[in-house]
Each structure stands twice: as structure tokens, then as C-alpha cells.
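> Based on the sequences and whatever the hints tell you, model everything.
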Amino acid sequence: MGSITLKQVTKSFGDVNVIKPLDLEIKDGEFIVFVGPSGCGKSTLLRMIAGLEDTSSGNIEIDGNDATKTPPAKRGLAMVFQSYALYPHMSVRNNIAFPLKRAKVAPAEIEAKIASAAKILNLGDYLDRKPGQLSGGQRQRVAIGRAIVRQPSAFLFDEPLSNLDASLRVNMRLEISELHKSLATTMIYVTHDQVEAMTMADRIAVFNGGVIEQVGTPMELYRNPVNRFVAGFIGSPKMNFIDVKPVDGDPTRSIGVRPEHLKVTQEQGLWTGKVGVIEHLGSETFLHVHVDGVGTLTIKDDGECPLQYGDQVNLTASQNKIMHFDKEGVTLASLSWGDNAVVAQ
Amino acid sequence: MATTQSRTLARIMLFPSVILLLAWMIVPLCMTLYFSFLDYNLLIPGNNDFVGFLNYEFFLTDPAFIESFFNTLWLVGGVLLITICGGIGLAILLDQAIWGRNYVRIMVLAPFFVMPTVSALVWKNMFMNPVNGLFAHFANWLGFAPVDFFAQIPLLSIIIIVSWQWLPFAALILLTAIQSLDREQLEAADLDGAGPFSKFYYIVLPHLSRAITAVILIETIFLLSIFAEILVTTSGGPGYASTNITYLIYTQSLLQFDVGGGSAGGIVAVIIANIVAIFLMRLIGKNLED
Ligand SMILES: Nc1ncnc2c1ncn2[C@@H]1O[C@H](COP(=O)(O)OP(=O)(O)O)[C@@H](O)[C@H]1O
Ligand SMILES: [Mg+2]
Chain A
1 MGSITLKQVT
11 KSFGDVNVIK
21 PLDLEIKDGE
31 FIVFVGPSGC
41 GKSTLLRMIA
51 GLEDTSSGNI
61 EIDGNDATKT
71 PPAKRGLAMV
81 FQSYALYPHM
91 SVRNNIAFPL
101 KRAKVAPAEI
111 EAKIASAAKI
121 LNLGDYLDRK
131 PGQLSGGQRQ
141 RVAIGRAIVR
151 QPSAFLFDEP
161 LSNLDASLRV
171 NMRLEISELH
181 KSLATTMIYV
191 THDQVEAMTM
201 ADRIAVFNGG
211 VIEQVGTPME
221 LYRNPVNRFV
231 AGFIGSPKMN
241 FIDVKPVDGD
251 PTRSIGVRPE
261 HLKVTQEQGL
271 WTGKVGVIEH
281 LGSETFLHVH
291 VDGVGTLTIK
301 DDGECPLQYG
311 DQVNLTASQN
321 KIMHFDKEGV
331 TLASLSWGDN
341 AVVAQ
Chain B
1 MATTQSRTLA
11 RIMLFPSVIL
21 LLAWMIVPLC
31 MTLYFSFLDY
41 NLLIPGNNDF
51 VGFLNYEFFL
61 TDPAFIESFF
71 NTLWLVGGVL
81 LITICGGIGL
91 AILLDQAIWG
101 RNYVRIMVLA
111 PFFVMPTVSA
121 LVWKNMFMNP
131 VNGLFAHFAN
141 WLGFAPVDFF
151 AQIPLLSIII
161 IVSWQWLPFA
171 ALILLTAIQS
181 LDREQLEAAD
191 LDGAGPFSKF
201 YYIVLPHLSR
211 AITAVILIET
221 IFLLSIFAEI
231 LVTTSGGPGY
241 ASTNITYLIY
251 TQSLLQFDVG
261 GGSAGGIVAV
271 IIANIVAIFL
281 MRLIGKNLED
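So the sequence lines, in the order shown, correspond to chains A and B.
Under the numbering used here, the first residue of the first sequence is numbered 1, with each subsequent residue one higher.
Under the numbering used here, the first residue of the second sequence is numbered 1, with each subsequent residue one higher.
Hints may be right or wrong, so weigh each one.
[To be verified] Derived Cβ-Cβ restraints for the label pairs, each shown as a range:
{"id": "1", "chain 1": "B", "residue 1": "115", "chain 2": "A", "residue 2": "125", "range": "55 to 61 angstroms"}
{"id": "2", "chain 1": "B", "residue 1": "179", "chain 2": "A", "residue 2": "125", "range": "54 to 60 angstroms"}
{"id": "3", "chain 1": "A", "residue 1": "236", "chain 2": "B", "residue 2": "12", "range": "54 to 60 angstroms"}
{"id": "4", "chain 1": "B", "residue 1": "81", "chain 2": "A", "residue 2": "174", "range": "50 to 56 angstroms"}
Source of the hints: derived by calculation from the structure; they are not laboratory data.
Treat the numbers as computed from the prediction; the structure is a model and nothing was measured.
Using N, Cα and C, we set each Cβ at its ideal position, and we do this for glycine too.
This is the structure:
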């Protein structure tokens, strides 16, 4: 079991309100990702769930029981820290055994649990080494090993991959997802990287300035972001935003179109501009096109793009891929748009 | 930095100061060694005959030597024990977020800046005096007979005074070490179900091991040569009860004007210090590696 419910939870450090009243339900077995720019309170909320930070007001329920005042060790949660927080003076084996020894588990059972964790995480070869003798990825695995032997009701990860290099990060991402599938335990995963969020999550909670902007599956957030912030945060490269002149009867103040939905066309398009920097990634190409009066638009084209720096291009996008935002940045349903909604400047 | 040329250049540049430092050490050492083989007493002018190991024989077979040798070990060991244990406790206290923490830290450091003679005098006259001392008043108030510290427990009294002086040093070094402990390790231990004692024993103490080693090595060097505190309080007495090697050499060479005997004692002290150093490095020096 591992369902966690946050009810009107807040956190202040002195006068600074880091978490505004916040409600969230995390289902048992779910992989939920907290994503948002750094400093928006993700780690703080995770630490509150873990019990490392007091909750200023509101309630945290774990499996239906109020755990707001429960000490960390009694919550049955395990956390993997960004710095791994391994005990440097203990061997890998003792690091993993530490929580079990504190819980007075029988030595034979400890051995069995270490062996099974070592098997799952491929730790076998370096059980007797000290953390200082391991690479970043191996340390990460040890930290996860220390978490899984306790058989917690939920795992908490705080940016666990941010200290790894890019290729290792992709591998560990897969391993953690794999682990989630095999253990089927609730996981709360904090990251500022929307790629990690999109690829790993069952559901994503997008944070901004201490509030949750939107919660949903990755594709829900991609297709139907509730506001400009979520639209800009989810998706890579970032969505293009274009301010539009107010028109009577149409609340649209800006429109957004994702780079992958912008097309270069021979015919008359919506915008005309000059090609700036071209980034070839092999399988795809990112074009940065300067459009007068609009700014720079990013276009995701296919790999074999023949365009050159300085070329004049027409750009278009189908109407149903263009999002409209009002002056607060809230996404507008298509019903409220006027006829001339898309035409820019 | 790493080319052969730059390394050679670095050695050449270092050469003069290394020579200077070496001479600074070697010349007095050689002179002491030379004097230790002479019959050289300032009260008996003569032609300072070469007497072989006679001075050493006198020094080592003197009953006072054995006693002062063990006094030295007790003094060093006792002060180390008190300053390390007390220092860890103080460091943990000072690491807590208490009001006015910065002022408290400076206050705690104060004894280290008091000159040994001054602090010994303060202890002798203000605290440990059997008639007027605060401890005597306190004992009287409780209805006990006051302790005459320097007559009844001379060595322990000196250990207390010296510990008081060195406690801030140990506490400060250990405090900086505690502050460099990764807080996430403690939080991870919290989640792992470790209580305060487990956290101290399994995480804080191993983290401090290197700092503790440094404190032991540094303090030992200074504690082997404690002198002012003894001179000011007990003058090594009663009998030889609070005489350490350093003080014994002083009584030999300066009170008896026996340069030869004092020099032999000095050489013996150097040898003892080296034995202690080698012993310590073997025992705990590995903590300083890696
Ligand atoms: N112990 C603390 N005292 C005061 N402010 C803090 C403390 N911890 C975090 N904050 C503040 O709370 C905000 C959110 O921090 P954090 O949760 O670490 O953000 P994130 O993990 O999303 O990057 C930041 O502005 C940070 O400065
Ligand atoms: Mg964070």
C-alpha cells in the first residue's frame, strides 16, 4: 500500500511562503513526477512528505492515516537524495544493511535482502567497496538499493539523475522505470527536467512558484495544457508564443504553437521569415526563423532539411494545433476564438 | 606544474629555504648531542672532558626519570582524553542553532588565547587554592573539607588546567569538521530509522575520525613539552609527583647547572617524542591518508 493524500498543505520559512495551500492525491502504485523550474518548492514538498520538513498547515495522509506529525522513520517511505547521501565510511553492503540493522532485522534475513537487492541492481561486484570508490551511476544504484531493502510503501526521489552524465541519465531513467514496473510501488519523483517527467511519469504535477499548475498524464499535459506556463514547460523544444493584437469579441492575447507543428511551406503561410541558426541532429533539424514583428520561431523539421542560413521561408500550422491564451495566460477553448484569431500582426 | 623542467626548477627554488630550516634544526640538535657526551657543569669550570654515555647513565637510572616518564604519559593521555571527549561534546552543542551562537563560539575559544602561565596562576589562586579558592569555598559550603589540589592530586590538577587550555582548540577543530558533514546523510539516517545515538556513532563519529586524529597529533606535540603550568603551580612536586620529562631536564640543567646531564636528558626526550610520534602515526595515522 502506498497512497498519499495532501490536504491544503502549506509551508513557510519565516515570512516566505514556499508552498501555497495545495491538494494532491497520489494513488497506490503510481509513478508521479513533480516537475517545475528550480526554486518552485518541489524538494520542499517532497521533504514534507518524507517528514524531514515540518508542515506549516494542512494534512499529509499516508494510506488514509494522518501522518503529518509522524517522524520520518515511522512513515514507511524511502528517499533517494540528489547527493545520494551514502554513508562514506561504510561499505556498500553496510550501507544497504543500515536501515535493516536499525530495524533489528535478523542477520540471515539481512543477507538475503542484500543479495536480492544486489541482484536487481547489479551491485554484486562492489558490495565490499566504499562509496568513494564507485562511479556516480553505481552510487545511485546503491542509494536505490538502500531504499528498496526496506520495502517502503513509497519511494521518494529528489532529482536523482542530475549528477550523472547524459548517457548514463538515459540508462538510469530506464532502470528506474523498469524498477517501478517490477516493484509496482508508489514513486514520487522530483525533477526540473521535463524530458524525465514525460518519459517516466504515469502522472505529472507541474509546479510553479509553490502551486501546482496542472496534474495529468504526460499526453494530457502535452495536448491540453491549462495555461501558458504548462504549455511552455512541457515539450521540447519549447512552444513558440506569439502575442496578438486584441480584437473585439476575442479574448485571445497570445497564441502558442509547438515547433513540431510548424511547417515550412512553398505556398503563402501564416508567417514569413528568414532562417537563422540551423541545428542538425541527424534525425531531425531545429530551425530558428526570424519573423518580423513576431520574433524568433523554432521549427522542428525532419532530418534532411535542405534550407540554408538566410533563406526566406513561409511558415504555417494547422488551426487545430494552435493554442490560444487570454491575458492571464489561461488556455482558451476553441469556442471563444474569433474568426481572425490566428492572423498575427 | 608537471614537466620535468618545472619540477627541477621548483626544487632549485626551494633549496635555500630548505637548507635554512635544516640548519635551524640540525645545529642545536648537534650541539645538544655533543654536550651530552661531555662532563660540562657550569659550577665546576674545567676542561669539559669527554665522558661517553655517563650522562645518559645518570639520567636514565635516576629514579626521578621513571616517575617523570610515566607522569609525561599520564599528562598527555589525560589531557587528550578530556579534550577529545569534551571537544566532541562542545562541538555538537555549538553546532546547534542556539541564540547568539557566534558570540558563544568566540567566548568558548577565549581560554586558548590566555598565556599558559597566566591561566595556571588563575587556576592556582582563584580556583584551587585550599583556603581562598572557589573550589574550597564550594566544598566548605557543602560541608566537606576542601581539597588541597596541588598537594593531594598535583598531576590531576595540572591535567585539569592544561585540558581547560586545550579544550577550545579541540572543540574548534571538531566543530569545523561537524559543520562539513553532509546534512543529507543525517536525513537519510533519519529515514533509515537511526536514533540520535546511532546517528552519532555510525555517522558523526566516523566523519570526525580524521579531525580527531589531527587533534591528537597536534596536541601530543605540545603536551609532551608542558612546562609553564608545572613551574607556576607545583614546581614538579611534591617530590617528583608532577614532574614530567621536560621539567626534569629543566631541574637537571638549569637548577643544577649541569649542561651535560641536561643535554643527555634533552636527547632522551627527543627520542621519546619520536617513539610516541611513530607509535601514534602507526596507530591512527592511516586516518589521515586518502
Ligand atoms: N531551509 C530553508 N530556509 C529558507 N528557505 C528555504 C529553505 N529551503 C528552501 N527554501 C526556499 O524555498 C524555495 C523552494 O526551494 P526548493 O523546494 O528547494 O525548490 P526546488 O526543489 O523546486 O528547486 C526556494 O526559494 C528556497 O530558497
Ligand atoms: Mg530541489
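> Taking the hints in turn, state whether each one holds.
Going down the list of hints, with the structure as the test:
no.	hint	verdict
1	B:115 x A:125: 55 to 61 angstroms	58 angstroms, holds
2	B:179 x A:125: 54 to 60 angstroms	35 angstroms, violated
3	A:236 x B:12: 54 to 60 angstroms	58 angstroms, holds
4	B:81 x A:174: 50 to 56 angstroms	54 angstroms, holds
Hint compliance for this structure: hint 2 is the single one not met.
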